[in-house]
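In order, the protein sequence lines correspond to chains A and B.
At position 3 of the first sequence the residue is numbered 3 (the UniProt record's numbering), and the sequence of numbers has no breaks.
At position 172 of the second sequence the residue is numbered 172 (the UniProt record's numbering), and the sequence of numbers has no breaks.
It is worth saying that the hints were derived from the structure and are not from the lab.
One or more of the hints may lead you astray.
[Said to hold, decoys possible] Computed, partial: chain A to chain B, Cβ under 8 Å:
#1 19
#2 39
#3 120
#4 139
#5 227
#6 244
#7 248
#8 268
#9 275
[Said to hold, decoys possible] Interface residues of chain B toward chain A, partial, derived using beta-carbon atoms under 10 Å:
#10 27
#11 94
#12 121
#13 225
Predicted, not measured: the structure shown is a model, and the values here were computed from it.
Backbone N, C-alpha and C fix where the C-beta goes; we use that ideal spot for every residue, glycine too.
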Amino acid sequence: MTSIEAGALAPAPTQRKRPIGLLLVAVPVLLVLWLIIWPIISAVIQTLWLPAPDGGRTLSVSSYEFFVSDPYSRANLAITLWTTGVCAVLLLVICLPIALYLRFSNSKIAAYVQGLAIFPMFVPSIILSFAFIRVLGPNGTVDLLLNSVGLPKIKSPYLTPWGPVIGLVWDNIPLTVLILLSGLGNVSNQAIEAARDVGAGRFALLWHIILPRISNSILVAISFAVLGIFSAFTLPYVLGPAAPEMMGPFMQRTFRDLFDPTNAITQAVITFGFCIVFGLFYVRSVAKNRTP
Amino acid sequence: MSTTAVKIREPIDWTGIFFAVVLTLVIVAPLLVVGTWAFTNVWRFPSVIPQEFGLKFWYQTLARADVWSSITMSLTLATTVTVLSAVICLPAAYAFARLDFPGRDILFFSFLAGHAFPKFGLLVAIAGIFLQLNLIGTFWGVVLIQLVGTLLFMIWIPVAAFQSVDRRMEEAARDVGASPLRVFWSITLPQAGPTIAAAILLSFVGTFYETEGAWLIGAPQVRTLPVLMISFINNQPVIQYGAVLSVLLWVPSFIALLFARRVVNSGSFAKGFGA
Chain A
1 MTSIEAGALA PAPTQRKRPI GLLLVAVPVL LVLWLIIWPI ISAVIQTLWL
51 PAPDGGRTLS VSSYEFFVSD PYSRANLAIT LWTTGVCAVL LLVICLPIAL
101 YLRFSNSKIA AYVQGLAIFP MFVPSIILSF AFIRVLGPNG TVDLLLNSVG
151 LPKIKSPYLT PWGPVIGLVW DNIPLTVLIL LSGLGNVSNQ AIEAARDVGA
201 GRFALLWHII LPRISNSILV AISFAVLGIF SAFTLPYVLG PAAPEMMGPF
251 MQRTFRDLFD PTNAITQAVI TFGFCIVFGL FYVRSVAKNR TP
Chain B
1 MSTTAVKIRE PIDWTGIFFA VVLTLVIVAP LLVVGTWAFT NVWRFPSVIP
51 QEFGLKFWYQ TLARADVWSS ITMSLTLATT VTVLSAVICL PAAYAFARLD
101 FPGRDILFFS FLAGHAFPKF GLLVAIAGIF LQLNLIGTFW GVVLIQLVGT
151 LLFMIWIPVA AFQSVDRRME EAARDVGASP LRVFWSITLP QAGPTIAAAI
201 LLSFVGTFYE TEGAWLIGAP QVRTLPVLMI SFINNQPVIQ YGAVLSVLLW
251 VPSFIALLFA RRVVNSGSFA KGFGA
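Model the full assembly from the supplied sequences, consistent with the hints where possible.
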């Protein structure tokens, strides 16, 4: 397959302005307008323009006031922020060393390590959830092995806040490693060798030479992870505690089980608010790679 | 070459061995456990290995009506979405690659809009629209929501494919009198084809595993294989059903793995994610 970035949207080669192009792109563009742009605008309007007691509608922030004043909603937001933060830190701590190793090693083992690091991309998160429960759940494989050597069982992370953390980190390893590795490609061997020649140690090398050059990739990796984790649904729903729950399961339950779309959409708008900086930064980076 | 060839032993790659061992334990071992459960007739605590291997639960799982109906549902959904997506996106991709029209750049980047927001929040906002249109709990509601998820890849990847086609060959064919359709069929498509096929495969597999939209919009009327798997995890005391279903569920991903590994390992793939 040709590279995605090879197809940067270069000026169309034939400089004939032909409106027929508009016709060909109309359906997907209208879908984006109808099912992405409009729902977002509508969500904001719908949650601020609420039914009034007199039968009409009036501008009101009461659904947001309810969210802020409701201790359960606040606890759900807090656990979501906690999970997202812990996952982001863990992902960096785990993936940066792997990416550094892959960048500077050319042993045969490196190919195997890269294959493994990318493998979770080909494991649907629902299978991951099942595997998690079988291994770390009550009487899972870890318990079996500990028991066979006479050690006590573990305190299972299943149905605790650590369940979604482990699952989400596992799930996000491949893209984080790939994005960091791509950033490390910009660090030239000459820069490393020059710093080594003047006696820079490993840590100084990392801190002064490598990290400044990949800071943008780190931000992209974190933005991508935050966008995915903040409103994650499947893993927190299956592996996490029933209460407090992360925003994903919380919105789903409010919408489908409590039949309360206004509050569910309010929660959605609140997640948009928390992620908007990461979202815009991420989209800008993708777009920048694509334009010439 | 030095005449006194001293055999230098390569230093042992301890870091690599460490990562290889840890990642094998953390990434491969859990999946092997699931695979083992699928071929186990009896495995009671605290035995470290199963008491009895066998295919008993394959027969039982495959005899369940809900498993077959959700396999059919998943395949029908993924096929419908992929075909619709190809029909609307490939002409659009061709237009973006080859034609000039007003608003071309902004429309091209509009497909990124969905990626600036946390996905499930966006799904809830869309569900709010679907509620007014009575699309909740319907097949076409799920088709629409999954279709939106395929747009970016189904346009951006084929655009790259069309742009990498050698224009000189097309022009040469025109010069010797080939019709535009003939040029497209004989020159453009064979060159762009493999990349477009990869995009279609990615769409199909991505849609097959799409769980969140299917669960939020479709459940319980529209039950796909991943949605059935969630209910097995939550409510099914027989572990092997879930294990067998996991193995079945992994098949499309395995096919994607065979085809896509080379693509994923290339640096350009990560660039597509903004690296």
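Evaluation of the provided hints:
Look at residue 19 (chain A): its Cβ gets to within about 6 Å of chain B, closer than 8 Å, so that hint holds up. For residue 39 (chain A), the interface hint holds, the least distance from its beta-carbon to any beta-carbon of chain B being 4 Å, beneath 8 Å. This hint holds: residue 120 (chain A) has a C-beta 6 Å from the nearest C-beta of chain B, less than the 8 Å allowed. The interface hint given for residue 139 (chain A) is met, as the beta carbon of that residue sits about 5 Å from the closest beta carbon of chain B, less than 8 Å.
A cut of 8 Å between beta carbons decides the hint on residue 227 (chain A): the least distance to chain B is about 5 Å, and the hint holds. Against a cut-off of 8 Å between C-beta atoms, the interface hint on residue 244 (chain A) is violated, since the closest Cβ of chain B lies about 17 Å away. The closest approach between the C-beta of residue 248 (chain A) and any C-beta of chain B is roughly 5 Å, which is under the 8 Å cut-off, so the hint is satisfied. At a threshold of 8 Å, the smallest CB-CB gap from residue 268 (chain A) to chain B is about 4 Å, leaving the interface hint in force.
At a threshold of 8 Å, the smallest CB-CB gap from residue 275 (chain A) to chain B is about 5 Å, leaving the interface hint in force. Below 10 Å, beta-carbon pairs count as interface contacts, and residue 27 (chain B) has one with chain A at about 5 Å; its hint therefore holds. The beta carbon of residue 94 (chain B) comes within 7 Å of a beta carbon in chain A, closer than 10 Å, and the hint placing it at the interface holds. Against a cut-off of 10 Å between C-beta atoms, the interface hint on residue 121 (chain B) holds, since the closest Cβ of chain A lies about 4 Å away.
At its closest, the beta carbon of residue 225 (chain B) sits 9 Å from a beta carbon of chain A; the interface hint therefore holds under the 10 Å criterion.
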